[in-house]
Amino acid sequence: MTQLVVAPAPSPVTPRLTRSLIGKKLLMAVTGVILFLFVVLHLLGNLKVFEGPAPFNAYAEGLRTVGAPFFARGQLLWIARIVLLGSVLLHIWAAVAVTQASWRARPVGYRRLEPVETTFAARTMRWGGVIIFAYVVYHLLDLTFGRANPSFVPGDVYHNLVASFARWPVAAAYMAAMVVLGLHIYHGLWSAFQTLGVNRPPTAGWRRGGAALIALLITAGYVSIPAAVLVGMVR
Amino acid sequence: MKVTLHVWRQAGPADRGRFARYDVADVSPDMSFLEVLDVLNQQLIARREEPIAFDHDCREGICGSCGMVINGRPHGPERATTVCQLHMRTFPDGAELWIEPWRARAFPVIKDLVVDRAAFDRLIQAGGFITARTGSAPEANSIPVPKRDADLAMDAAACIGCGACVAACPNASAMLFVAAKASHLGLLPQGQPERSSRVVNMVAQMDAEGFGACTNHGECMAACPKEISIDFIARLNRDYLKAVIRRPW
Chain L
1 MTQLVVAPAP
11 SPVTPRLTRS
21 LIGKKLLMAV
31 TGVILFLFVV
41 LHLLGNLKVF
51 EGPAPFNAYA
61 EGLRTVGAPF
71 FARGQLLWIA
81 RIVLLGSVLL
91 HIWAAVAVTQ
101 ASWRARPVGY
111 RRLEPVETTF
121 AARTMRWGGV
131 IIFAYVVYHL
141 LDLTFGRANP
151 SFVPGDVYHN
161 LVASFARWPV
171 AAAYMAAMVV
181 LGLHIYHGLW
191 SAFQTLGVNR
201 PPTAGWRRGG
211 AALIALLITA
221 GYVSIPAAVL
231 VGMVR
Chain P
1 MKVTLHVWRQ
11 AGPADRGRFA
21 RYDVADVSPD
31 MSFLEVLDVL
41 NQQLIARREE
51 PIAFDHDCRE
61 GICGSCGMVI
71 NGRPHGPERA
81 TTVCQLHMRT
91 FPDGAELWIE
101 PWRARAFPVI
111 KDLVVDRAAF
121 DRLIQAGGFI
131 TARTGSAPEA
141 NSIPVPKRDA
151 DLAMDAAACI
161 GCGACVAACP
171 NASAMLFVAA
181 KASHLGLLPQ
191 GQPERSSRVV
201 NMVAQMDAEG
211 FGACTNHGEC
221 MAACPKEISI
231 DFIARLNRDY
241 LKAVIRRPW
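First to last, the sequence lines map onto chains L and P. If you're matching positions, the first sequence starts at 1 in my numbering and goes up one per residue. If you're matching positions, the second sequence starts at 1 in my numbering and goes up one per residue.
Simulated from the structure, these hints should not be mistaken for laboratory data. Careful: at least some of the hints might be erroneous.
Going by beta-carbon spacing under 7 Å, a handful of chain L positions derived as facing chain P [to be verified]: (1) L17; (2) S20; (3) A101; (4) G205.
Estimated spans, in silico, between C-beta atoms of each pair [unchecked claim]: (5) L/L37 <-> P/A20: 28 to 36 Å; (6) L/F145 <-> P/R148: 54 to 62 Å; (7) P/Q192 <-> L/L37: 53 to 61 Å.
To spell it out: a stretch of chain P is covered by chain L in this simulated footprint if at least three of its residues, at any positions, have a beta carbon under 8 Å from a beta carbon of chain L; those stretches are [said to hold, decoys possible]: (8) 70-78; (9) 99-105; (10) 213-221; (11) 230-236.
Quick caveat: nothing in here was measured; it's all calculated off a predicted structure. The beta-carbon is built from N, C-alpha and C at its ideal position, and this holds for glycine as well.
Build the full structure now, drawing on both the sequences and the hints.
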């Protein structure tokens, strides 16, 4: 006896992408990749601090004038900021929805569930995300808005950076946050491959190792900046 | 050898449940874990106590009936082994073992170690089959199947539906089960016409059953007695992404 099962009628209001858990994971992966690309570009830009005050400040100014004469001053930068802010909000929204679904999925827990395959990075994704968010808020208050900076000079980003990182607790917190970011990127990047279904033979063997290497390079790159300020290489 | 068992006892779905301690003596290292429960149950019946309820059928690791969490690991500590094929020689003499049922909202406890896995049946009904009547097995090679696809489909078809993937998942997600079923059909020519709708319907059913979301821990793969790879989860995600692009609403 063949029994036909009729699928539940799809709700016409919300797209599939936001309705199913896999859809939310896809959304999280895509926004995660956008944020990852920002983290890479931000690092490449920030490493210019090792070239000295003039090139670093010129880079910061360049972010505002890039695209001229097609774009007005700061226009492209604001477009990027809107895309990034949207990505952050969608990323967090999807993460909260997925986390809540998972917490609901096991109302009675085990006495103990022995981890076998999972990693520290995988198990700290949720709290890692919260820490990174808190860090980004502080980071913006410190170096973009200047509210948390000891001597903020608009436009002199080199001076602002050195003034902030000369305080060792701030530098230490920054370095710790970058380790958390590295762990988040390691599991996030390999998860994005998995969620977006990229596991064809050319990439299959490299997904985990590649994600680990990229995460390590990003953390090392970012940590080098406050470390250089602390040891007096950048002053 | 002697073992101490702390077994989850729950009289019914409404009962809160608790661990009960049993000391079992004269255990042979060649016994399977289920045989220890059989021996214990005989002793319980002789003492006019309620025997421990647990699922089992073939006892040769191919039916998917049995399953319980032993010391925090579904089907116990041995890789690629169902609990009926787990032998007591795996454990040291005097071992202390904590036995729990699969724990997930979608798998409510019926009694003791028996859980209701009808959610898996409903997932299959949602799309884990070929709608057309295919008749008896066709002549071999009448439909060409590339060797690689045939092997992959066979790997996915090894799933016995025991539910250890859900039990092991920190999120109680059924992704490995659904991925195995969808991939097994989606890799073969007969499964192509419904490849997209199958994935969409099974994923919708998976959410409706109250399973959690995959966060790529890989615990399912480690617990799976048939060692089904999480590569199939990537395949399911890819098929779902394609379906969403084709029909966003």
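Each hint, compared with the structure:
1. L17: holds (6 Å)
2. S20: At 5 Å from the nearest chain P Cβ, L/S20 passes the 7 Å test, so the hint holds.
3. A101: holds (5 Å)
4. G205: Result: violated, 11 Å to nearest chain P Cβ.
5. L/L37 <-> P/A20: 28 to 36 Å: Between L/L37 and P/A20, where Cβ atoms are some 55 Å apart, the hint is violated.
6. L/F145 <-> P/R148: 54 to 62 Å: holds (56 Å)
7. P/Q192 <-> L/L37: 53 to 61 Å: Between P/Q192 and L/L37, where Cβ atoms are some 35 Å apart, the hint is violated.
8. 70-78: Held - the region 70-78 of chain P has 3 residues with a Cβ nearer than 8 Å to chain L, which meets the minimum of three.
9. 99-105: holds (count 4)
10. 213-221: holds (count 8)
11. 230-236: holds (count 6)
In terms of the numbered hints stated before, the structure departs from hints 4, 5, 7, listed from lowest to highest.
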